[in-house]
Amino acid sequence: MSINTNVLFFELALSFYFIATVVGIIWLFRGKKATSKLIFVIAAIGFIFHTLNIIVRYIEGGHIPITSLHEASSFFSWCILVLFFILEARYRIDLLGAFIMPIVLILMLSSSVLPREINPSLNPVLKSYWFGIHTTLAFIGDAAFALAAGVGVMYLIQERNVKSKHPSALFQRLPSLQILDEINYRLISLGFPLLTLAIITGVIWANTAWGTYWRWDPKEVWSLITWIIYALVLHLRLSIGWRGKKAAGLSILGFILVIFTFFGVTLFLKGLHTFV
Amino acid sequence: MNIVIVGLNHDTATIDIREKIAFDEKKLGEALEILKNSPEVKENIILSTCNRVEIYANAGARESGAEHIKQFIADFHNVPRDILEKSLYVYTGSKALRHIFRVASSLDSMVLGEPQILGQLKDAFDFALKKKSTSVLLNKLMKKSISVAKRIRTETKIGESAVSISFAAVELAKKIFEDLSTETFMLIGAGEMAELAARHLINNGVKDVLVTNRTFERAEELAREFNGRAVEFDAWLQELVHTDIVICSTGAPNYILVKEQMHKIMKQRKNRPVFIIDISVPRNIDPSINEIDNVYLYDIDDLQGVVSTNIQERNKEAEKAERIVDEEVEAFLKWQASLAAVPTIIALRDKADAIKNEELQKTLKKLDNLGENEIKSIEALTNSLVNKLIHFPTAALKSEGEDKEIIIDIVNRIFDLNTSSSDKTGSAEKNGEKGNDKRK
Chain G
3 MSINTNVLFF ELALSFYFIA TVVGIIWLFR GKKATSKLIF VIAAIGFIFH
53 TLNIIVRYIE GGHIPITSLH EASSFFSWCI LVLFFILEAR YRIDLLGAFI
103 MPIVLILMLS SSVLPREINP SLNPVLKSYW FGIHTTLAFI GDAAFALAAG
153 VGVMYLIQER NVKSKHPSAL FQRLPSLQIL DEINYRLISL GFPLLTLAII
203 TGVIWANTAW GTYWRWDPKE VWSLITWIIY ALVLHLRLSI GWRGKKAAGL
253 SILGFILVIF TFFGVTLFLK GLHTFV
Chain V
4 MNIVIVGLNH DTATIDIREK IAFDEKKLGE ALEILKNSPE VKENIILSTC
54 NRVEIYANAG ARESGAEHIK QFIADFHNVP RDILEKSLYV YTGSKALRHI
104 FRVASSLDSM VLGEPQILGQ LKDAFDFALK KKSTSVLLNK LMKKSISVAK
154 RIRTETKIGE SAVSISFAAV ELAKKIFEDL STETFMLIGA GEMAELAARH
204 LINNGVKDVL VTNRTFERAE ELAREFNGRA VEFDAWLQEL VHTDIVICST
254 GAPNYILVKE QMHKIMKQRK NRPVFIIDIS VPRNIDPSIN EIDNVYLYDI
304 DDLQGVVSTN IQERNKEAEK AERIVDEEVE AFLKWQASLA AVPTIIALRD
354 KADAIKNEEL QKTLKKLDNL GENEIKSIEA LTNSLVNKLI HFPTAALKSE
404 GEDKEIIIDI VNRIFDLNTS SSDKTGSAEK NGEKGNDKRK
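Which chain is which? The protein sequence lines are G and V, in order.
The first sequence begins at 3 in the numbering used here and counts up one residue at a time.
The second sequence begins at 4 in the numbering used here and counts up one residue at a time.
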């Protein structure tokens, strides 16, 4: 019964995210101002079901539901939405939803095709309080990077509009380059320390679980590469003013790495992290 | 109830006629007063802007109302009728509705979609309200016009993008910088268009203003005007390091800023974005600096290009807006038609009640020894008879149809009602008043 309940909640959340994405895309092409609120409301309804899904799975499994790729991917998109709502409340950026909801939807669709069983017996390694800390830090950090990439795409479109001197229909509705650049920077400044802490807690946890800090496991390697990219984004901006187009481009590249580390490594390169 | 509009605008009248006909603030109250006190006009509002003068009236009759207003304009401004006649237009009925909706939504403006007209119309309405020269019909009409204009603003993009070069410059600046009040602006040179664009930027929040010119006195003069600071001409390049928006308009025959220099400046700026508008002909700034990241250079042709795209866009949006106007005109006509039947419905009801009460009293007098219950039963019987009988004509009066006026007329005649829909002339109204007296 409760398995059915959590499946139902998941499907409902997925459906609402799907509607929000479609509305968002229509909105891009023939927008009216009122749609801005609409997409927010539809996503929020989906989010409520999503939250219920996570709670039911937590109760059922007795642990944070991020122990399979299905759960992790779903939790990842949940984190993106939390940050999206905060960003909307803080900046009220028109059209942001249209760029964020597709990312959420893709993650949820990936999650939906992966095996959904709740892990009955938890890998003993995961029975550690480091597990919660490490994963939560990593997920929130990755969510910030996802939003930074979405905002980066918006920046690149708007930059093209201004630079080409032939503004497209989106010119009026996209926000200013300056605010997009600033939000991109803030998101990376949030994501980077979280990723750093996630790696540090991971290292400590690895030591308590396996007795070694670092084993060049593919996930560790790719996380490190991601970390280096974002370190570079921040460093270049602060030292020689790599802002705007270059920063936006790098933040999109960084997020591609995040996604690869997340799915690619788990699915294609076997390693210690394969339980996630 | 007849809506009559008499007026002229930039299309129909030259500036010298518009000047003569304009009602300035001092005379406006007086004009409203005179029209209000004339027997032909029940309500009136006067809109007077530099592009149009229009009088919106609720007149007793269309023809004579329009004629009266025309004569009033001629007398008030002391202009011969024959000069006026060529410029004035008259709209009545549904055409009047369409016209006022189009004016309010800026579909009839010289610059399609410009936003000022709605504010001017609101002011004219407020003034008329204050002078008590309006009542039910014009109040409803004005409120509807304002809401139609707002609907068109939200449902179409008619007012969205800039259609003049200086506004296009401001709009671009706002899409590069979030808050113009925190940016530094420099005007290099002078010139009508450059100064206009500078003024628009300042109106949109720019506070920190630098002005430079080959003749330093000229720079100082403009700096005073813009509340800014004058900069020596050979120092402007250094100032560019911390300037975010530049308008350049000098008579220099060659480039005063080339790519090499801009590269250096961007390095010093740590790549903070800069928006440069070069409206000089020949151009003063090397066009290739637009290739540098975070540098946005627009010359006069670029701005003109943006403006003409926007104008095309507005023309497309205007078609949508016209459809909305059509819809709203229809809705208003329906409302008006339903209103026309109201006096007849009331009169019918009153008459039926009067007959019922009279007959009831007669009957009750004849019948003695009736108990409470019997009296109540008889009253209930008469009530329900009357209600059921007048239900049919009432329903017919309330229905929407082209033959509505005929139905109103027929019901009035069949039931010998002393009312008239006020669409008729003064004599009919007097009958109506008598009717009221009778009932009292």
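One should not assume that every hint holds.
Keeping only pairs whose Cα atoms sit at most 20 Å apart, straight-line, the calculated PhoX-like set for lysine-lysine is [what the hints assert, rightly or not]:
#: 1; chain 1: V; residue 1: Lys323; chain 2: G; residue 2: Lys247
#: 2; chain 1: G; residue 1: Lys247; chain 2: V; residue 2: Lys89
#: 3; chain 1: G; residue 1: Lys167; chain 2: V; residue 2: Lys177
#: 4; chain 1: G; residue 1: Lys247; chain 2: V; residue 2: Lys273
#: 5; chain 1: V; residue 1: Lys262; chain 2: G; residue 2: Lys167
#: 6; chain 1: V; residue 1: Lys73; chain 2: G; residue 2: Lys165
The set of hints was computed from the structure by calculation and includes no laboratory data.
Hints and how they fare:
1. V/Lys323 x G/Lys247: Violated, at about 37 Å.
2. G/Lys247 x V/Lys89: 59 Å, violated
3. G/Lys167 x V/Lys177: Status holds; Cα separation ~15 Å.
4. G/Lys247 x V/Lys273: Within the cut-off at roughly 14 Å; holds.
5. V/Lys262 x G/Lys167: 19 Å, holds
6. V/Lys73 x G/Lys165: 54 Å, violated
Hint compliance for this structure: hints 1, 2 and 6 are not met, and every other hint is.
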